[in-house]
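Colleague: Chain by chain, the residues run as shown.
2 protein chains.
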Amino acid sequence: MEKIVFDQKLAVLRDEIDVIDCQLVELLKKRRTVTTKVGELKSEVGMPIYAPEREEALLIKRRKQAQDVGLNPDVIEDVLRRLMSDSYLSQDASGYLCVNPSCKKVVVIGGKGQLGRIFVDLFTRSNYRVEVIEQEDWPNSKNILSDASVVIVAVPIRLTSSIIQKLNDLPEQCILADVTSIKESPLYEMLKVHKGPVVGLHPMFGPDITSLVKQTVIACEGRDPESYQWLLEQIKIWGAKIYTVDAVAHDQAMAMVQVMRHFSTIAYGYHLMTEGADIAQLVEMSSPIYRLELIMVGRLFAQNPVLYSDIIFSNSDNIDMMKRFAYRFLELLEDVETGDKESFINMFNQVSDWFGDYAGDFLKESKSMLLKANELKK
Amino acid sequence: MEKIVFDQKLAVLRDEIDVIDCQLVELLKKRRTVTTKVGELKSEVGMPIYAPEREEALLIKRRKQAQDVGLNPDVIEDVLRRLMSDSYLSQDASGYLCVNPSCKKVVVIGGKGQLGRIFVDLFTRSNYRVEVIEQEDWPNSKNILSDASVVIVAVPIRLTSSIIQKLNDLPEQCILADVTSIKESPLYEMLKVHKGPVVGLHPMFGPDITSLVKQTVIACEGRDPESYQWLLEQIKIWGAKIYTVDAVAHDQAMAMVQVMRHFSTIAYGYHLMTEGADIAQLVEMSSPIYRLELIMVGRLFAQNPVLYSDIIFSNSDNIDMMKRFAYRFLELLEDVETGDKESFINMFNQVSDWFGDYAGDFLKESKSMLLKANELKK
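First to last, the protein sequences are chains A and B.
Just so we're aligned, residue 5 is where the first sequence starts under this note's numbering, counting upward by one.
Just so we're aligned, residue 5 is where the second sequence starts under this note's numbering, counting upward by one.
Next comes chain A alone, as it looks inside the complex:
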């Protein structure tokens, strides 16, 4: 085929794609308009935005249709999931039902911070009266706190304890809550300083989320759960799932996932640097899976070290647990040193059993993650 003929033919087809893509944007716009209406309707009656069964039913229908016309159903599912996660935002914009109109005032201490302002925004959009206490407001705090129905401590972890100690004069029926990523010690402090309802919360998301839909908030019981039940209901209205767990179990689990992973990721970055690795070359040479791993390591170093060191240094129990990890690492390395593949494989199979069905589920999920990692390649 002559080059000019080829170029012409290609141009015609590309124009056709452009026309289709243009229609696609218009269709997505139409969809967004309708989902916004759904959000408005739901917020009028206080129905949660996220409706798992509807999501599931919708996906099944479209997967079937895709299959019938010879398309890969996974593609349509991925596209629809992306649209749905976006539509939650539009449904969000319209405000939320206020589950406790008799609540006089919500005070968020640290309400201008990254996490605090998310809660200020959500309470405000649910028609609560909200006030914020920042450092400069302490002289006036007695006044601000005197008629509070809820006080939420949303300050950096290293300040949590000293801030809680200042809250010894709250109205007796006031709910006292914190949103620190550890739970045992703040709960202890809160119970000591306040005689009313107390609950420890750990929102399992970073400050850059745009909606609480499908996010998890962990709740650890302090005192008088009946009195703060409405607060948890309110969080559910915002789209989050509440997971209730004992504070000690919470801290242990977080040590294993949060602290341990942060620390080990930081150590890996330090290791790469100290080994004299060439980061540009590593990126160039990466498979989707190593690229994803590098993304997860590198992202951490774009953030505030104080945030991470506060979490890592917060609990000395963590040190022992992480030492145990390092020793296990060296223990397994001995198998490699002595060439004992059998023992290594045996260990591998045990862990595999321990993961159970999650291993297979995760393998399946990882495939779409890796596809995504490769799509992001420039």
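Simulated from the structure, these hints should not be mistaken for laboratory data.
One thing to keep in mind: the hints can contain errors.
Put simply, identical chains are the same to the list, so a pair is met inside one copy or across any two.
[Said to hold, decoys possible] Listed below are the simulated EDC-like cross-link pairs for lysine to aspartate or glutamate, each with C-alpha atoms no more than 16 Å apart in a straight line:
id, residue 1, residue 2
1, K116, E288
2, K68, D78
3, K41, E20
4, K13, E288
5, K108, E138
6, K327, E279
7, K371, E30
8, K345, E6
9, K116, E140
10, K245, E57
11, K381, E59
12, K116, E135
13, K199, D173
14, K196, D228
15, K146, E288
16, K146, E60
17, K41, D22
18, K381, E288
19, K68, E81
20, K327, D339
21, K7, E48
22, K41, D11
23, K327, E341
24, K368, D78
25, K65, E48
26, K108, D151
In this text, all values refer to a predicted model and were calculated from it rather than measured experimentally.
Keeping the supplied structure of chain A fixed, place chain B upon it in accordance with the hints.
Modeller: Just chain B now, with coordinates in the frame of chain A:
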């Protein structure tokens, strides 16, 4: 609002969404039909399927349109990237240009294995004559190899060396290549056994990929690169990027990313099990980021331990490097033990500098990965 009125209104809106989604599937079908034609046209003239500039231009246009109608441009970009990565598959189906029609025969040793069969399929669809040697074919191998123009060794890493040693009687002009994940020792073996062109390849993808588009294949020079240049061109026609690097540098980089990460992920799984963690609870309590990390750990344990132990046990240099990691881990832990936050933050900032611009880029990319991880939540 009465429940019945609300239900009716919601049903009407949901029906509207269903109609839109149905049109969406139809539009995607139309798009797929056109992209298939693009693939056929390109394969006629041997033009690579993946056209980065066209991709970029297309995205810019649609982002702009999205913005103009008040949609989030990131959503349309994510959707289009998903469609494009799917469209490469349809463009793939139609076969590829054969860049070296004078090639008499390609022999893939281990061509029925997971990785081998990908190459068998690609060569076949590019109109090469392809033959496979599996264990049972060795008695007849002299015959099969006598008129080979290319021999590719695609056997498990632990067999690579012994298989290469059998290839001492190839036609002199035959290209000998392997696809093992280490490069120094197979290259050495290949150069010793064969006097003609030699190249070491490391395809940076797993066996479950459906297309080579945007994937990376690492090439390490063995002997007479001019003679095997066409082979690399053929791989590019399939959509992959060739990254050429020295075998020693390759093995060092892989030790740091592949071996080290596999090992440390396995050690982390072992650690979780030994700590007596409750996996179901960990999953329930996970933020998107810990969920993503658990996915990446768990996925590994759904796979064949022999595969991983072969890679980890393949090179004893790896042991020293991994020991250095464990010692650095313990060294950093000392900072935590002595409460030396300053030293910890200082180290953090150094690594951050070492990552340079990649840290910020990765943070940005990680956001869409985390969004994806949360979309996958059931």
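Colleague: For the identical chains here, do K7 and E48 meet the 16 Å Cα criterion within one copy, between copies, both, or neither?
Modeller: Between copies only: 12 Å across chains, 61 Å inside a chain, cut-off 16 Å.
Colleague: Cα distance capped at 16 Å. Does K327 pair with D339 within a copy, between copies, both, or neither?
Modeller: For K327 and D339, the Cα distance is within 16 Å only across copies (13 Å; inside one copy 19 Å).
Colleague: What label fits K327 with E341 when the C-alpha limit is 16 Å: within, between, both, or neither?
Modeller: Between copies, since 11 Å is at most 16 Å while 21 Å is not.
Colleague: Measure nothing new, just compare the shortest in-copy and cross-copy C-alpha distances for K381 and E59 to 16 Å and report within, between, both or neither.
Modeller: between (30 Å within a copy, 12 Å between copies)
Colleague: Could you figure out if K41 and D22 sit no more than 16 Å apart (CA to CA) within one copy, between two copies, both or neither?
Modeller: between (29 Å within a copy, 14 Å between copies)
Colleague: My question is about K108 and E138: at a cut-off of 16 Å on alpha-carbon distance, are they close within one copy, between copies, both, or neither?
Modeller: Classified as neither: same-chain Cα gap 20 Å, cross-chain 77 Å, threshold 16 Å.
Colleague: When no copy is named, should K327 and E279 be tagged within, between, both, or neither for a Cα gap of at most 16 Å?
Modeller: Intra 22 Å, inter 12 Å, cutoff 16 Å: inter-copy only.
Colleague: What label fits K345 with E6 when the C-alpha limit is 16 Å: within, between, both, or neither?
Modeller: neither (59 Å within a copy, 67 Å between copies)
Colleague: With identical chains treated as interchangeable, where does the CA-CA distance between K13 and E288 reach 16 Å or less: within a copy, between copies, both, or neither?
Modeller: Cα proximity of K13 and E288: none, with 34 Å in one copy and 53 Å across.
Colleague: Could you place K116 and E140 in one of the four classes (within, between, both, neither) given a Cα distance threshold of 16 Å?
Modeller: Intra 12 Å, inter 71 Å, cutoff 16 Å: intra-copy only.
Colleague: Checking K41 and D11: alpha-carbon separation at most 16 Å within a copy, between copies, both or neither?
Modeller: Between. Shortest inter-copy distance 14 Å satisfies the 16 Å Cα cut-off; intra-copy 45 Å does not.
Colleague: Classify it for me, K245 with E57: is the Cα-Cα distance of at most 16 Å met within a copy, between copies, both or neither?
Modeller: Only inside one copy: K245 and E57 sit 15 Å apart there, 42 Å across copies, limit 16 Å.
Violated hints, in rising order: 1, 4, 5, 7, 8, 15, 16, 25; the structure is consistent with all others.
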